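From just these sequences and the hints, can you work out the full model?
These protein sequence lines map, in sequence, to chains A and B. The C-terminal position of the first sequence is numbered 114 in this note's numbering, with every residue numbered one higher than the one before it. The C-terminal position of the second sequence is numbered 112 in this note's numbering, with every residue numbered one higher than the one before it.
Derived from the structure by calculation, the hints contain no laboratory data. Don't take every hint at face value.
Unchecked claim - Computed list of lysine to aspartate or glutamate pairs in EDC-like fashion (alpha-carbon distance at most 16 Å, straight line):
hint, chain 1, residue 1, chain 2, residue 2
1, A, K78, A, E62
2, A, K78, A, D63
3, A, K78, A, E102
4, B, K99, A, E102
5, B, K68, B, E56
6, B, K42, B, D84
7, B, K99, A, D56
8, B, K99, A, E44
9, A, K78, A, E14
10, A, K24, A, E83
11, A, K68, A, D56
12, B, K42, A, E107
13, A, K78, A, E11
14, B, K68, B, E17
15, B, K99, A, E62
To be verified - Listed next, with one range per pair, are the computed distances between beta-carbon atoms:
hint, chain 1, residue 1, chain 2, residue 2, range
16, B, E17, A, I5, 33 to 41 Å
17, A, G16, B, V13, 24 to 32 Å
18, A, D63, B, D95, 27 to 35 Å
19, A, S66, B, P112, 46 to 54 Å
Quantities reported herein were computed from a predicted structural model and do not represent experimental measurements. Backbone N, C-alpha and C fix where the C-beta goes; we use that ideal spot for every residue, glycine too.
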Amino acid sequence: DAGVIQSPRHEVTEMGQEVTLRCKPISGHDYLFWYRQTMMRGLELLIYFNNNVPIDDSGMPEDRFSAKMPNASFSTLKIQPSEPRDSAVYFCASSLLGVSGELFFGEGSRLTVL
Amino acid sequence: KQEVTQIPAALSVPEGENLVLNCSFTDSAIYNLQWFRQDPGKGLTSLLLIQSSQREQTSGRLNASLDKSSGRSTLYIAASQPGDSATYLCAAWMDSSYKLIFGSGTRLLVRP
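This is how it looks when you write it as structure tokens:
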């Protein structure tokens, strides 16, 4: 399996622009997670899905952030409008068994908002 | 607030040394604990997963232990190599919040 695939790997945008990050989980994994990593706050869970349904979005920082999972093989994280403080590495991860299983991470999308 | 703490934040050792990385968590009600490795600019790679009913897991030169009663886990690396240099993170899946909470990591440097 190719693992969790994220795109783009790097994104540089200007404040106020819309940003869309994409993720393809490992085939057959029912759980999908979006994390954000910064030097100051470490890894933070933003939202996770089970069978394409959002289960916990309490980590989504503001209404500017939204996530969707239209099917089992694709998820997006959107920021609109983006702000400089959104600059971070955004990771997508998937798991077969959810709470009792291993988490597999993608390579991340490094976002810089100028 | 549920927290996962890793000590030390950074560690530098000569090649060949055995070493221990520490992870502590505030809530003893956890489903499992997972250790990850992260190389610069890369994603996280799962190393070991310990279920709450287990005491330890081993993979090659790595051994992870779990003591729920004391809220601690350790990752033991035997005969360290320069290729082991990376940041090591532990994460505990908390029973009460149903979330995987990460520690801030230990940055390991193994000197040739």
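Hint check results:
1. A:K78 to A:E62: It holds: about 11 Å lies between the C-alpha atoms, which stays within 16 Å.
2. A:K78 to A:D63: Holds, because 10 Å separates the two Cα atoms, which is no more than 16 Å.
3. A:K78 to A:E102: With a Cα-Cα distance of about 26 Å, the restraint between K78 (chain A) and E102 (chain A) is violated, given a limit of 16 Å.
4. B:K99 to A:E102: 13 Å, holds
5. B:K68 to B:E56: 11 Å, holds
6. B:K42 to B:D84: Holds. K42 (chain B) to D84 (chain B) sits at ~15 Å (cutoff 16 Å).
7. B:K99 to A:D56: Given that 16 Å is the threshold and the Cα spacing comes to 9 Å, the pair holds.
8. B:K99 to A:E44: At roughly 10 Å apart (the allowed maximum being 16 Å), E44 (chain A) and K99 (chain B) satisfy the hint.
9. A:K78 to A:E14: Holds, because 15 Å separates the two Cα atoms, which is no more than 16 Å.
10. A:K24 to A:E83: Not OK: K24 (chain A) and E83 (chain A) at ~25 Å, beyond 16 Å, violated.
11. A:K68 to A:D56: 12 Å, holds
12. B:K42 to A:E107: Within the cut-off at roughly 5 Å; holds.
13. A:K78 to A:E11: 13 Å, holds
14. B:K68 to B:E17: 28 Å, violated
15. B:K99 to A:E62: 19 Å, violated
16. B:E17 to A:I5: 33 to 41 Å: 37 Å, holds
17. A:G16 to B:V13: 24 to 32 Å: 47 Å, violated
18. A:D63 to B:D95: 27 to 35 Å: 30 Å, holds
19. A:S66 to B:P112: 46 to 54 Å: 47 Å, holds
The structure shown violates the earlier hints numbered 3, 10, 14, 15, 17.
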